[in-house]
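K.L.:
Dock chain B against chain D, hints included.
Number of protein chains: 2
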Amino acid sequence: MNDMVASAGAVTFAEGYKAAGINVGIKSSGKLDLAAVVSDTPASAAALFTSNRVVAAPVIVSRERLAVSGSCQAIVINSGNANACTGRAGLKDAALMADRLANCLGVEPSLCLVASTGIIGERLPLPIILDGISVVAEAAHRLGGHSAAQAILTTDAFTKEAVAQIEIAGSVVRIGGMAKGAGMIAPRLVPHATMIAVITTDAAASPDFLRKSLEQAVAVSFNACSVDGDTSTNDTVFLLANGASGIPELGSGEGDDMELFTSSLTQVCTELAKMMVKDGEGGTKVITYKVVGAANDQEAGQAAAAMAKSLLVKTAFHGEDPNWGRLLAAAGYSGAQLDQRKIQLQIGGVKLLNDGEPQSANLPAAAKAMRADEIEVVLELGLGNGSGIFYGCDLSLEYVRINSEYHT
Amino acid sequence: MNDMVASAGAVTFAEGYKAAGINVGIKSSGKLDLAAVVSDTPASAAALFTSNRVVAAPVIVSRERLAVSGSCQAIVINSGNANACTGRAGLKDAALMADRLANCLGVEPSLCLVASTGIIGERLPLPIILDGISVVAEAAHRLGGHSAAQAILTTDAFTKEAVAQIEIAGSVVRIGGMAKGAGMIAPRLVPHATMIAVITTDAAASPDFLRKSLEQAVAVSFNACSVDGDTSTNDTVFLLANGASGIPELGSGEGDDMELFTSSLTQVCTELAKMMVKDGEGGTKVITYKVVGAANDQEAGQAAAAMAKSLLVKTAFHGEDPNWGRLLAAAGYSGAQLDQRKIQLQIGGVKLLNDGEPQSANLPAAAKAMRADEIEVVLELGLGNGSGIFYGCDLSLEYVRINSEYHT
Chain D
1 MNDMVASAGA VTFAEGYKAA GINVGIKSSG KLDLAAVVSD TPASAAALFT
51 SNRVVAAPVI VSRERLAVSG SCQAIVINSG NANACTGRAG LKDAALMADR
101 LANCLGVEPS LCLVASTGII GERLPLPIIL DGISVVAEAA HRLGGHSAAQ
151 AILTTDAFTK EAVAQIEIAG SVVRIGGMAK GAGMIAPRLV PHATMIAVIT
201 TDAAASPDFL RKSLEQAVAV SFNACSVDGD TSTNDTVFLL ANGASGIPEL
251 GSGEGDDMEL FTSSLTQVCT ELAKMMVKDG EGGTKVITYK VVGAANDQEA
301 GQAAAAMAKS LLVKTAFHGE DPNWGRLLAA AGYSGAQLDQ RKIQLQIGGV
351 KLLNDGEPQS ANLPAAAKAM RADEIEVVLE LGLGNGSGIF YGCDLSLEYV
401 RINSEYHT
Chain B
1 MNDMVASAGA VTFAEGYKAA GINVGIKSSG KLDLAAVVSD TPASAAALFT
51 SNRVVAAPVI VSRERLAVSG SCQAIVINSG NANACTGRAG LKDAALMADR
101 LANCLGVEPS LCLVASTGII GERLPLPIIL DGISVVAEAA HRLGGHSAAQ
151 AILTTDAFTK EAVAQIEIAG SVVRIGGMAK GAGMIAPRLV PHATMIAVIT
201 TDAAASPDFL RKSLEQAVAV SFNACSVDGD TSTNDTVFLL ANGASGIPEL
251 GSGEGDDMEL FTSSLTQVCT ELAKMMVKDG EGGTKVITYK VVGAANDQEA
301 GQAAAAMAKS LLVKTAFHGE DPNWGRLLAA AGYSGAQLDQ RKIQLQIGGV
351 KLLNDGEPQS ANLPAAAKAM RADEIEVVLE LGLGNGSGIF YGCDLSLEYV
401 RINSEYHT
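The listed protein sequences derive, respectively, from chains D and B.
Residue 219 in my numbering sits at position 219 of the first sequence; the count goes up by one each step and never skips.
Residue 71 in my numbering sits at position 71 of the second sequence; the count goes up by one each step and never skips.
Next comes chain D alone, as it looks inside the complex (with noise of 0.2 Å):
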């Protein structure tokens, strides 16, 4: 029932919905820079953004114009300018581009939302932004999905775009999304990412439950990666249902449903995630960590997350070098319980601690298992039933370059 389809042009594939990307000038190389998602009639909508405490102008705009409306019909986002750290102006700023895309559709303001990217501390050129905005939102069609997710680039390398597809109630219900994010990646929204999404479905929901959904696809996704360990102030995911599926409310009558359409976001959500990681500034690998066994699921996230962050995880994966005590040492300092007579630790499937004891005959295999693309790590810590799932790059001499060299 879950059928995976092309994902270009993601977060147009529900129906209902257009989206556009151009250039107004933000970014100087000439790259699009501004994107519009745009629904066709007001869609139920949830949000989750940074737990940062220093947050960016668009995300308390947005914050307090989805708590009064819990309803969203369109989303303007600028790349090469986080507006944050900005002040009082940047809030008026923030809340003048989305005035400005309301305007612009004739709809009322308190349905427009704002998010932003890029450098932090710096004003937004306001008036080429407000002008494209214009421009942007004419713009928007049934097949500029594409462009809206090249718009929200900043130091990625290639898109993020996912769609899922369901049947629900005898209907078609379509879901897509696009995200961005390559650096300050360690995303922990609220109830727990600079990494942008945009979501939108056809299936009709109510916002409590979109939340509910989103709060448990995040969980599992774009909460549980990160590319450098540093929560963003402008991390956002916006999921918007317009009903334009034609089924019933979900969460109004049997159940399965509901679990059918979270398990569905949260596979675009995970595939957006990994994409990131993919991506990670300067990365070359992606590697899943997977802890089981562990004292609770709590606990099992913090190894996994541990190991993922560990610079000198990052720098033996980056060299191909099964270091296995990097990983054994993260997982020791995560917090998580562990007794290290009882743990088990695999490598791209190969055997290199057997109930504590090292399996150094079988080096050679792991470090040729570390050659590949993708890798996986199961830690096995033999004192529970908790598990948890991270996703992690490696961390590269071009990852210390392009942020050592990313001027202001």
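Careful: at least some of the hints might be erroneous.
Since copy identity is lost for identical chains, a pair holds within one copy or between any two.
[Claimed, not checked] The calculated EDC-like cross-link candidates involving lysine to aspartate or glutamate, where the alpha carbons are at most 20 Å apart (straight line), are:
| hint | residue 1 | residue 2 |
| --- | --- | --- |
| 1 | K92 | E357 |
| 2 | K278 | D40 |
| 3 | K212 | E380 |
| 4 | K278 | D373 |
| 5 | K368 | E405 |
| 6 | K92 | D355 |
| 7 | K92 | E138 |
| 8 | K351 | E64 |
| 9 | K290 | E374 |
| 10 | K342 | E122 |
| 11 | K92 | D339 |
| 12 | K212 | E249 |
| 13 | K212 | D99 |
| 14 | K351 | E122 |
| 15 | K274 | D208 |
| 16 | K342 | E167 |
| 17 | K31 | E357 |
Because the hints were derived from the structure by calculation, they are not lab data.
P.N.:
Chain B in isolation, oriented as in the chain D frame:
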């Protein structure tokens, strides 16, 4: 009253201590790899060990022995192999090292401790180490401190040695310490360090007194520094007090002497910690992060630590780029309370944020200040009286080279 003197040979600066460092072949390079520090008489002792739940064999052995005796007469330390994650065999090896030292010196085994640093997960080359212990115990002499400091190094570029001298009750009291550590450095010794430090003093003090004094000193030195955010399985700080100065036992009379001693011990630990950060793998700068005006000291420490450990902050310092938004983002996700409208931020004495408003005109001056080898960041939160400090280094291409090419 607190005169700094030349620090080479610091661990034998206090009266009544001998030391030596030799090469036994653990390091194929031929560099020194086995050290012994010996007190003429049994010394009152305290130690703090890693809070990592994966604990190296020598940590387990030393912790147990010290808990029983509260005393120590000699310590053997090898570099090149951490004897961590080596199972039951590794535990025996660590005990045999300490026992051999006791046998050579003709003292009780409970008075001999052991520490190891280097690669995780490989068995020690025990025969050459046991033979070497006989040699190094014999070689220990009053001027051997510097060779011992060399023999505990791993990826370090230089030895870390520091001394202090004070007068208590009309007598000269000396404190001297050596440390190693350039990678896997984010000590959280219990009650909060792959650093290893041995500090010796000829003061007289109970193990209890020493422990309290050491905890205070470590909290603002070793536990307030990070190279890579990775807390090791082997971190250990030993403090020995043999009473050879002839002063009455500290803590038994007036309280001022305790403060004076702890303040000097803190000075020695802070110097050693800053040397560790300066020698941080691939690092080219030492950055001191001061946070003031926090809600409380703990939150100030959290904010300072988050800035020091952020990869984006570390690469910005490497690039000498006043990308202060990265500092704010790190403080924002640290867990410390903050109100971005009240924040003042300085880099190298140049104000970049005033009541939350960017001071963009000062960016060129800040960029110039960042060219220094030692830079101070001051973040004022304007909320309360909490203050904290943390020491960090930059993140260079060399760091990635060292750690992706350091093969098992």
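K.L.:
Run every hint past the structure and note whether it holds.
P.N.:
Hints, one by one, checked against the model:
no.	hint	in the structure
1	K92 to E357	between (60 Å within a copy, 14 Å between copies)
2	K278 to D40	neither (33 Å within a copy, 59 Å between copies)
3	K212 to E380	neither (30 Å within a copy, 38 Å between copies)
4	K278 to D373	within (9 Å within a copy, 35 Å between copies)
5	K368 to E405	between (33 Å within a copy, 16 Å between copies)
6	K92 to D355	between (59 Å within a copy, 17 Å between copies)
7	K92 to E138	neither (23 Å within a copy, 75 Å between copies)
8	K351 to E64	neither (51 Å within a copy, 31 Å between copies)
9	K290 to E374	within (13 Å within a copy, 40 Å between copies)
10	K342 to E122	between (52 Å within a copy, 18 Å between copies)
11	K92 to D339	between (54 Å within a copy, 18 Å between copies)
12	K212 to E249	within (15 Å within a copy, 63 Å between copies)
13	K212 to D99	neither (28 Å within a copy, 60 Å between copies)
14	K351 to E122	between (50 Å within a copy, 15 Å between copies)
15	K274 to D208	neither (27 Å within a copy, 51 Å between copies)
16	K342 to E167	neither (45 Å within a copy, 52 Å between copies)
17	K31 to E357	neither (53 Å within a copy, 29 Å between copies)
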